[in-house]
Amino acid sequence: MKRWIPLILFLVLVGFFAKGLFLNPREVPSPFIGKAAPDFTLPVVGDPNTTFSPAEMKGKVWVMNVWAPWCVSCRQEHGLLMALAQSQTAPIVGLNWKDKDREAEMLLAREGNPYFAVPEDLSGKVGIDWGVTGTPETYVIDQAGIVRMKHVGPISPEIWKEKFEPKLKELGV
Amino acid sequence: MIPELGHFALIVALLLAITQAVLPLIGAQRGNLTLMSVARPAAQGQFVFTVIAFICLAYSFLVNDFTVENVASNSFSQLPELYRFTATWGSHEGSLLLWVVILAFWTTAVSVFSRHLPDDMVARVLGVMGLISIGFLVFLLTTSNPFDRLLPAPMDGRDMNPLLQDWGMIIHPPMLYMGYVGFAVAFAFAIAALLSGRLDAAWARWSRPWTTVAWAFLTLGIALGSWWAYRELGWGGWWFWDPTENASFMPWIAGTALIHSLAVTEKRGAFKAWTVLLALTAFSLSLLGTFLVRSGVLSSVHAFATDPARGAFILAFLVLVIGGSLVLYAWRAPKMLSGGGFTWFSREALLLGNNVVLLAALGAVLLGTLYPLLIDALGMGKISVGPPYFNAVFVPLMAPALFLMGIGPLARWKEASLPDMVSRLKWALAISVATGLLLPLTLDGFKPWAVFGFAMSMWIFLTVLVGFRERLKNGARLSTLTRSFWGMQLAHLGMAVGVAGITVVANYEVERDVRMDIGDHTELAGYTFTFRGTTEHVGPNYRAARGTVEVSKNGKKLYVLHPEKRIYNASGMPMTEASVRPVLFDDIYVALGEPLDEEAKTWAVRVFHKPFINWLWIGSLLMVVGGFLAASDRRYRIAVKAAAPTAAAAQGA
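Chains L and V are the protein sequences, given in the same order. Residue numbers for the first sequence follow numbering that gives the first Met the number 0, so the first one is 0 and each next one is one higher. Residue numbers for the second sequence follow numbering that gives the first Met the number 0, so the first one is 0 and each next one is one higher.
Just so you know, these hints were derived from the structure itself, not from any lab. Please note that the accuracy of each hint is not assured.
One-sided excerpt, in silico: chain L residues whose CB lies under 8 Å from chain V [unchecked claim]:
id: 1; residue: W3
id: 2; residue: W159
id: 3; residue: F163
Computed beta-carbon distance windows for the label pairs [to be verified]:
id: 4; chain 1: V; residue 1: V513; chain 2: L; residue 2: F21; range: 55 to 61 Å
id: 5; chain 1: V; residue 1: G362; chain 2: L; residue 2: P37; range: 40 to 46 Å
id: 6; chain 1: V; residue 1: D443; chain 2: L; residue 2: I145; range: 38 to 44 Å
id: 7; chain 1: V; residue 1: V392; chain 2: L; residue 2: I145; range: 56 to 62 Å
id: 8; chain 1: V; residue 1: L319; chain 2: L; residue 2: E164; range: 24 to 30 Å
id: 9; chain 1: L; residue 1: I158; chain 2: V; residue 2: L595; range: 29 to 35 Å
id: 10; chain 1: V; residue 1: V392; chain 2: L; residue 2: D46; range: 53 to 59 Å
Note that CB positions come from ideal geometry on N, CA and C, so glycine has one too.
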């Protein structure tokens with residue numbers, strides 16, 4: 000019996016690893032889920048005289064995507080966001096996070112703009128209020144301004160289908 | 000064209016690896032010499048083709064071929080040439096290719112330096128290594144092809160991660176992989192011994208030098224990684240107990256235990272099953288590290304881009320390799336009869352004690368590393384395990400290991416006498432305790448861990464001296480001492496030096512975060528730091544604010560340091576480039592934080608005084624040198640000459 004112990008220990012570990020492959024260690028549950036979305040008022044990219052504030056979205060279900068022009072994995076989901084913008088599910092607000100070189104406007108002009116509005120969080124302070132740990136991160140906010148879910152990392156079509164669509168449907172979109 | 004050549008070379012290498020694995024293993028089982036003799040040429044051919052693939056990838060990086068996705072993602076036209084070359088192994092795909100090349104290198108080395116081994120042993124060892132090569136080559140070709148094209152090609156690349164643009168990173172991965180992959184040789188020897196059922200002392204002797212060399216490379220790789228983190232991450236730490244670091248440290252602990260256990264198996268024929276299990280464990284932990292770092296199951300500061308498909312592949316591979324080897328072990332275990340009895344106080348017993356302690360430490364690190372995953376998988380929430388856990392558990396576990404390290408080499412095999420040992424070591428013990436108690440009094444504050452660290456460091460140092468003195472008293476001269484004796488003592492001495500360094504830097508380092516205007520100064524550990532402002536500096540692929548900080552002591556100007564805050568052009572990533580002035584007894588370390596005003600005249604500046612930190616790297620280097628010396632001992636070479644005629648005779652018969 001003794002000689003089988005190493006194998007048994009190893010197989011137990013494998014069980015955990017197999018489970019671990021389907022978990023995301025970076026996905027930290029947000030303490031804002033079920034709470035009111037933190038408020039802010041920020042200038043909008045491309046039109047510094049206009050501002051955007053979550054209060055304007057009251058009564059609508061909307062999505063907030065935290066991104067940045069320097070963020071490589073944000074490019075991966077850009078195509079999907081364009082398609083979503085065309086299918087007119089829920090408006091997507093793109094919080095432009097810590098864009099020190101001010102490249103967002105040029106990039107959106109070149110690659111297409113999927114966003115309803117692009118508030119510019121130059122200092123990253125709004126990101127801190129929202130508990131942003133990195134880009135990209137995506138939030139779903141309901142009609143009453145309550146954060147209903149958060150996704151860390153780029154969104155693939157599968158993730159959108161499995162995670163976002165049911166949530167949006169539940170909220171009546 | 001060149002990338003396709005590389006891709007094609009990898010496919011040829013895979014075919015050769017299949018040949019290298021299948022034919023010799025069948026041949027060894029059936030006693031067919033023709034099939035067995037395929038092993039060497041197939042292994043060497045596989046090496047040639049993996050090198051061709053590697054050169055093709057390196058070429059694509061050097062000529063900025065952005066039609067190759069890997070180059071576009073990890074290089075940049077402004078990147079200096081040297082870093083364009085090292086970017087070859089800067090990505091997941093490229094580093095995996097490096098892994099495959101190094102595995103083929105080790106295999107070829109075994110095929111060349113194994114003339115004295117029986118044919119079936121060589122065939123089995125090379126066959127097992129071929130099986131491992133197959134796994135990695137298939138992984139590379141199916142999920143991580145470094146030669147994938149990206150069309151239409153982007154105008155320019157996304158640049159190498161700025162953190163990796165440092166010369167510590169140029170040699171760290173190759174050295175680390177030499178260590179990781181080197182344990183594959185010990186693994187293959189153990190599997191070959193299990194397959195043949197001949198678990199005598201001979202296989203221990205054969206795998207000893209290979210294991211020691213792999214261990215020395217791994218030591219060097221880990222030390223370089225730590226040195227890189229210290230200089231490059233900008234906050235002065237040298238070990239973070241990050242999952243990626245632990246992934247390299249666990250095979251090191253297992254390898255250290257294996258080296259000591261192999262010594263007993265070779266000399267006394269004892270611990271056979273234990274040694275085999277350690278050989279399997281050391282390489283299994285190397286593979287496990289690959290899985291943890293590349294599958295995304297753990298979150299770590301320097302993990303590769305992760306992909307569940309890759310994770311699933313490696314996990315399946317782990318199950319085959321580790322699971323298969325453990326089944327083989329369990330099946331053959333009853334055949335492993337330990338020879339050579341010993342009493343509770345003997346060199347065998349002390350080495351066994353040392354092994355048990357090392358494995359307990361290994362278990363503690365493994366548990367701490369995997370704990371977040373275990374808790375998450377059980378649905379009990381998200382946690383992270385940090386340095387407090389590891390320091391609290393690991394450091395006390397090291398205490399008995401360090402103590403035994405002093406006695407082990409001086410104890411007799413089979414049966415040693417405790418009163419005799421006490422009389423030989425009473426002075427060493429007294430001086431060590433006195434050093435531990437008195438030395439902290441001369442330093443800044445009396446700390447319990449410092450007492451313990453100094454005492455242990457002195458203890459190892461003195462027992463090494465006693466070891467030399469006793470040899471010399473018995474008529475040996477320094478020039479006649481064997482290289483394996485020198486190697487062991489140097490490595491132990493390295494441990495003493497390293498422990499001293501860790502003790503001082505962990506207990507007596509000081510740091511200060513200050514807001515500095517031009518002309519401001521601050522005091523730390525007797526040094527005065529004066530900030531002279533920053534200037535614009537343009538590097539090849541970055542822009543930087545370069546600070547000037549003058550360091551003086553007692554009014555005498557000593558050094559001028561230039562810490563930088565860089566912004567890399569392609570990624571826009573900010574980087575803190577600390578400026579370090581290394582001296583034998585202390586490091587002065589200055590890092591620029593953030594500018595605190597619009598004109599960037601006032602900065603947050605962080606200054607450190609790191610006493611004795613260099614002793615840590617010096618100690619590691621001594622261990623590395625010790626490892627190479629021990630592996631080059633004459634008796635391994637004599638064995639070659641003595642065994643050659645008999646092998647030839649056996650073939651003739």
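Just tell me: holds or violated, for the beta carbon distance of L319(V) and E164(L) against 24 to 30 Å? With a Cβ separation near 38 Å, L319(V) and E164(L) fall outside 24 to 30 Å, so the hint is violated.
**Asked** Has the hinted range 56 to 62 Å been met by the Cβ atoms of V392(V) and I145(L)?
**Response** violated, 43 Å
Outcome for the supplied range 53 to 59 Å, where the beta carbon pair is V392(V) and D46(L) | holds, 57 Å
* Can we keep the W159(L) interface hint, with Cβ of chain V closer than 8 Å? -> violated, 17 Å
- Could you check if W3(L) really has its C-beta closer than 8 Å to a C-beta on chain V? holds, 5 Å
Taking the CB of G362(V) and the CB of P37(L), does the distance hold inside 40 to 46 Å?
-> holds, 44 Å
- Task: Verify the interface restraint on F163(L): the C-beta must sit less than 8 Å from at least one C-beta of chain V.
- Result: Check failed: Cβ of F163(L) comes no nearer than 19 Å to chain V, outside 8 Å.
(request) Mind checking the hinted window 38 to 44 Å against the Cβ distance between D443(V) and I145(L)? (result) Violated, at about 54 Å.
- request: With 55 to 61 Å as the target window, see if V513(V) and F21(L) comply at their CB atoms.
  value: violated, 47 Å
**Prompt:** Are I158(L) and L595(V) spaced within 29 to 35 Å by their CB atoms?
**Reply:** violated, 41 Å
Violated hints for the displayed structure, listed by number in ascending order: 2, 3, 4, 6, 7, 8 and 9.
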